[in-house]
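Protein sequences appear in the order of chains R and S.
Each residue of the first sequence is one higher than the one before, starting from 1 at the first, in our numbering.
Each residue of the second sequence is one higher than the one before, starting from 1 at the first, in our numbering.
Be aware that one or more of the hints could be misleading.
Unchecked claim - Taking beta-carbon pairs under 10 angstroms as the criterion, some of the chain S residues facing chain R (in silico): (1) Ile39; (2) Tyr53; (3) Asp56; (4) Phe113; (5) Gly114; (6) Glu121; (7) Gln128; (8) Glu132; (9) Pro147; (10) Trp166; (11) Ser167; (12) Lys170.
The set of hints was computed from the structure by calculation and includes no laboratory data.
The structure presented is a predicted model; accordingly, all values stated were derived computationally and were not measured.
Heads up, the beta-carbon is just placed ideally off N, CA and C, and yes, glycines get one too.
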Amino acid sequence: MRTVYAVSGGVSKFAKSRPDKTFPALVKEAYDYAIADLGLEHPQFWELVDGTVASYFSDHFARQLMAAIMIQDYLGMCPKPSHRVEGGGATGGICFQEGWKAIASGYMDICLCYGFEMMSHVQTWKGNEFIALASDVSFDYPVGGFYSGYYAMMVTRHMKEFGTTVEQMAHVSVKNHMNAYYNPYAQKRRKLTIADVRAAPMVAWPLTRLDICVMSDGAACTILCSEEGLTKLEKASGKRIPRVKVSGIGRGTDAMRMADRPHQSYDDFLKYNLLPHEDTPETRQYYKDLWERGFRYPGVHSFRAGRMGSKEAYKNAGIHDPLHEIDFVELHDAYTSSEIQTYEDMGLCRYGEGGHFAASGKAFLPGIDYGLDLPEKPVCPVNPSGGLIACGHPVGATGLMQAVFALWQLQHTIEKHFGTPELQVPNAKRGAIHSHAGTGTYVTVSILEREE
Amino acid sequence: MADEKFPTKIEETLEGTVLFNVPFPEGDDLSSLKDMAPIIIKQPYSIEYIHSYGQDSPFFAGLANRRFLVTREPDTGYTYGTPRGHDMYTGKETEWVEIPCEGVMHAFTVCHFGSEEFLPECPYILAQVEFEGVDTLFLARVVGLDPAEASEDWIGMKLKGRFRRWSKFKPTDVYFYPAE
């Protein structure tokens, strides 16, 4: 495998509705930003780029089959090779990894990954219906298909098994909305309190409107390249590009129907799902005690796909202790509860400790006043951009948006792109991005690292 | 060669989207078009699918006959609360088994909002139901509880299933209510 570098990216303004542009023009907004940041114009970049990967989730939202070729066409990328990928909410993360594969395999030296979703084409309740079609239409959808309902069921189980509280979940909402306050790309930039989150209209008990991401129109793109591609881009632009490499990728899957998630034995959990840093007598005993209390893995409270994606990515990137060896994480917080579940899958804390971790302060940014009494100092900021909850979730763009924000963190250029420095993670050297589909069906984890 | 047999003008109608009097610059200067507000129209779309339950069909036939079926891997005994034609571990075909339609609430929510199709039914309770001796769960509606009194204490509640008399051949042909 060849080393893969992330060199540039762009994100359109995410909004509830972007009727000012068609979807190809919205992607063009992100693309133009990305090539301008490299110091290139389209004809120069076109001469260098080998091909593209396109990302969008829903043909229902688009109401346009073959939408990807319309983008390829509008960007002026024809006749270069391209394909579309689709994997629910993880579509953007999968797109990023397919771009990585194109470079790592030697197929391409420079690859453009782009994605979008235009969810304003239908009313919110129809959008919920479209999204719920990403659940089994024989057994899940007809019962009352609603993704917020599915995630609410997961968290009621999490609450019951581990004592997770709605106030701990609200900490995630306060954090991510406050971070987004400093992110001009974000859809919802708000200073909230725990009381605000709980007082918001109930959507699916116990999740309120402020525990849940919104539907968005938006686009994002990322440019990946090999060492040779980097040389070509630097020669064309005449400037040195900061080295940020993609040091590891991982991906996991799980059953489509939440009801089908296995209830594995303790021994199988140890064999297949334990992270290396958890392999201590103390943590083995911790999990043994959980099993004796009736815990089963992954059940409906945990995402085995996220754990397996993390495990593979950490192995490839040489990460042993994720909490202390990763400087920040941009993860798929479609719900405050799923951010808590994902802390556990990614090994930032153990299964069952996510609620406590959320309110501990470890996942917050230093230097920002959240108006909360946090007992511990920041260790590994999670969703410094504001995440899906506050930035928005135009599905096909989301995973690529995470990659762009992570890249800017590692280039130490947040102030340049956001116009304000608050969200820059100090001395960021290594970040993780996490993209997640369905009720945890596809999950991608990619690790990005700054090379000095 | 236009004549009445091949008219050169299409008749005007008021069907579909009709937009009157869109502002447009007069004369040759088109530069102001860059500032034009987008034209947004409605595009209706509807379709009825012919959906087959395929190998899962006996489950729905069971509901119509007030019998609750699960599937079981014949050798290992691994049993699916929501039927699967093949086992995910051995890859073998599963067998149909009837079980009593009573279980325990494993996880739940009250939906106060939802997809368009289900909005008129809000608030409604969704639950994952677990059954004795069955390894996986079943998604169902629960009735007979006050949606305003949702509590994690509902988890673990014993539930009984009830079959719709007039089957609609959907998984909602069975629903659950508190057994106590």
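Hints, one by one, checked against the model:
This hint holds: S:Ile39 has a C-beta 9 angstroms from the nearest C-beta of chain R, less than the 10 angstroms allowed. Interface hint at S:Tyr53: satisfied, since its Cβ lies 6 angstroms from the closest Cβ of chain R, which is below the 10 angstroms cut-off. Hint on S:Asp56 holds. Least Cβ distance to chain R is approximately 6 angstroms, under the 10 angstroms limit. With 10 angstroms as the threshold, the beta carbon of S:Phe113 comes within range of chain R, its nearest partner Cβ sitting at about 5 angstroms, so the hint holds.
This hint holds: S:Gly114 has a C-beta 4 angstroms from the nearest C-beta of chain R, less than the 10 angstroms allowed. The beta carbon of S:Glu121 is positioned within 10 angstroms of a beta carbon in chain R (closest approach about 7 angstroms), and the interface hint is therefore held. Because the closest C-beta pair between S:Gln128 and chain R is about 6 angstroms apart, less than 10 angstroms, the hint holds. Because the beta carbon of S:Glu132 sits about 14 angstroms from the nearest beta carbon in chain R, more than 10 angstroms, this interface hint is broken.
Because the closest C-beta pair between S:Pro147 and chain R is about 8 angstroms apart, less than 10 angstroms, the hint holds. Hint on S:Trp166 is violated. Least Cβ distance to chain R is approximately 16 angstroms, over the 10 angstroms limit. Of the supplied interface hints, the one on S:Ser167 is violated, with its beta-carbon coming no nearer than about 13 angstroms to a beta-carbon of chain R, more than 10 angstroms. At a threshold of 10 angstroms, the smallest CB-CB gap from S:Lys170 to chain R is about 4 angstroms, leaving the interface hint in force.
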